[in-house]
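K.L.:
Sequence:
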Amino acid sequence: MILHKAPVPGQRDRIPVFFWREPNGIWHSEGSKYGLQPLHKHLQAYSKAESELTEQYEQASQAEDYFALLEAMTPLRLASQNLHSTLQSAREGIPNDIDIIDLRDWAYELERSLDVLHANAKNALDFRLAQRAEEQTQLSMKAVELGNRLNILAAIFFPLTAVSCVFGMNLVSGLEGQAIAPFWLMVLGGIGLGVWVRRWVLTGRW
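Numbering (this note's numbering) for the sequence shown: 34 to 239.
Note that these hints are calculated values from the structure, not bench results.
These numbers come from a predicted model, not from an experiment.
Beta carbons: idealized from backbone N, C-alpha and C, even for Gly.
Among the hints, erroneous ones may be present.
Distance windows between CB atoms, simulated [as the list claims (entries may be wrong)]:
no.	residue 1	residue 2	range
1	D148	W53	24 to 34 Å
2	Q121	N57	39 to 49 Å
3	E104	K74	53 to 63 Å
4	G180	Y141	53 to 63 Å
Between the sequences and the hints, there should be enough to build the whole structure, so can you do that?
P.N.:
Next comes the structure, spelled out in structure tokens:
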């Protein structure tokens, strides 16, 4: 069997590991090692890596955490699929070997655990991204609302400002010696005109 060592985050190349079985049932592996112990250690490395990713998932809280988790998980998930597929083929080739059955079941559990972990991390990432998008939408709506308020204030006070500017010019209008009543009439008229302009801004009708 040609398997791969459990990949670590950032590792691009896959390191192959060879295991073979004699007709008498004796297993061998690289380095002239006998027995199933090397194959057990091989799966234990996968199990340890899966446990570390699960712990990382439990500690994740931000979208960046889940993205990093998915990026680190993908190579291990693909390698676990190859591990299970290879052991399943070995199981079919030597159906009477009980040890292979146990190892195949172990590899299947690892594959399923990584699949579930991948789905959970992806769902959590999608939720965090949707949450951020909703927050941005709410901020945009608040900005639009504030802009509308400023437009309303400008619509109310712009006519008054225009009238004040006209009467504040250094021109002889004949009102210089009048009582203060014309001033208040001008103020009230400007505010009334501003209210009318506000209505036009909000409804689009005269």
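K.L.:
Take the hints in turn and mark each one as holding or not.
P.N.:
Outcome of the hint check:
Against the hinted window of 24 to 34 Å, the Cβ-Cβ separation of D148 and W53 comes to about 29 Å, which satisfies the hint. The beta-carbon spacing between Q121 and N57, approximately 23 Å, falls outside the hinted interval of 39 to 49 Å. The hinted range of 53 to 63 Å is not satisfied by E104 and K74, whose Cβ atoms lie roughly 26 Å apart. The hinted window of 53 to 63 Å between G180 and Y141 holds, with their beta carbons roughly 58 Å apart.
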